[in-house]
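A.B. asks: Given next are the chains, with one letter for each unit.
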Amino acid sequence: MSPEEQLQAFLGRVPYIHFLGMRAELAGDELTGILPFSPHLIGNSLLPALHGGVIGAFLEMTALAQLAVTQSTPRVHKTIDVTIEYLRPGRAMATYARAELRKVGRRIANVHVEAWQDARSQPVAALRGHFMLAED
Amino acid sequence: MSDPEPNPPNPNLEAAAAMATEVPQAAALGFQMVSAADARGVMHAPWREDLVGDPDTGVIASGVVTSLLDHCCGMAITATTGKRRPTATLDLRIDYMRPAAARTGVTVEAHCYHLTRSIAFVRAHAWDADPADPIATAQAAFMLSPAPGPAPGGAA
Chain R
1235 MSPEEQLQAF LGRVPYIHFL GMRAELAGDE LTGILPFSPH LIGNSLLPAL HGGVIGAFLE
1295 MTALAQLAVT QSTPRVHKTI DVTIEYLRPG RAMATYARAE LRKVGRRIAN VHVEAWQDAR
1355 SQPVAALRGH FMLAED
Chain X
156 MSDPEPNPPN PNLEAAAAMA TEVPQAAALG FQMVSAADAR GVMHAPWRED LVGDPDTGVI
216 ASGVVTSLLD HCCGMAITAT TGKRRPTATL DLRIDYMRPA AARTGVTVEA HCYHLTRSIA
276 FVRAHAWDAD PADPIATAQA AFMLSPAPGP APGGAA
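Chains as they are written, first to last, in our numbering: chain R, 1235 to 1370; chain X, 156 to 311.
A couple of the hints might just be wrong.
Claimed, not checked - Dumping the calculated SDA-like pairs for lysine to any residue here, alpha-carbon to alpha-carbon at most 20 Å: (1) X:K238 x R:S1279; (2) R:K1312 x X:K238; (3) X:K238 x R:L1281.
No wet-lab data here; the hints were simulated from the structure.
Pulled out of the complex, with its shape left as it was, chain R reads as follows (with noise of 0.2 Å):
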């Protein structure tokens, strides 16, 4: 399967993802998460800010989906920890992310992920994750 063809099945194959209502976009082999506003993703309502959970499970799957693609599996590789930093509110919009493959092993890989929403230089929230990587 190609890049392309792996991140659709990934994406095609997990309801949650679908629950969330995420896309992704492959450039060459740079993918980039896209969470499109939704009102159920809300967690307070005055301001309005998008969930802190909606947030990190949005980071954690662009990191699965991250993986994916570079795993020629089509399993789901299981999270083994995650430490989820928030910087910025995030707001009722679109947000993006971007995740990097700090080490991937035979076993378990590192990766780091980073949200923002319009502007890339100021990031709503970061992501640190080792993943155990799912065998054939």
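Since the structure of chain R is already known, use the hints to place chain X on it.
C.D. replies: Quick look at chain X alone, frame taken from chain R:
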């Protein structure tokens, strides 16, 4: 630590219960409040087909657990302060010990173990069947917004 003003007909409970239903993301995930008292909150997320994270196993998505952990930590803070103040998550660290059982919901207990005027420190754990056999643990810090009042600055 002790609650500021323990009083039997717990008004915290109503504020905490509202958190499970009024917040759009919590309602969309079907969160149910189990209890809120003594700086602790317990909340449940039922399993649903559309919330599955691994189609090979039918296990609920870790993203749902992330939202539940974050939300339940907020409820534990409400159960501590007695007021529903807006909180902003500063950081959230989650360790996933094992996958949840297939087609099974998740319950989280969060404990706000230290509170300053502006920061709350919270620990939480999540389980599917047995609280002593967690699927995930979490540690988080939250910034507390000032109590509602006139906006700072602006007004003369």
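A.B. asks: Take the hints in turn and mark each one as holding or not.
C.D. replies: Hints and how they fare:
Only pairs whose Cα atoms come within 20 Å are accepted, and K238 (chain X) paired with S1279 (chain R) is accepted, the gap being roughly 17 Å. For a cut-off of 20 Å, the pair hint linking K1312 (chain R) to K238 (chain X) is broken: about 37 Å separates their Cα positions. Proximity of K238 (chain X) to L1281 (chain R) is assessed by CA-CA distance (about 18 Å); at most 20 Å being required, the pair is judged to hold.
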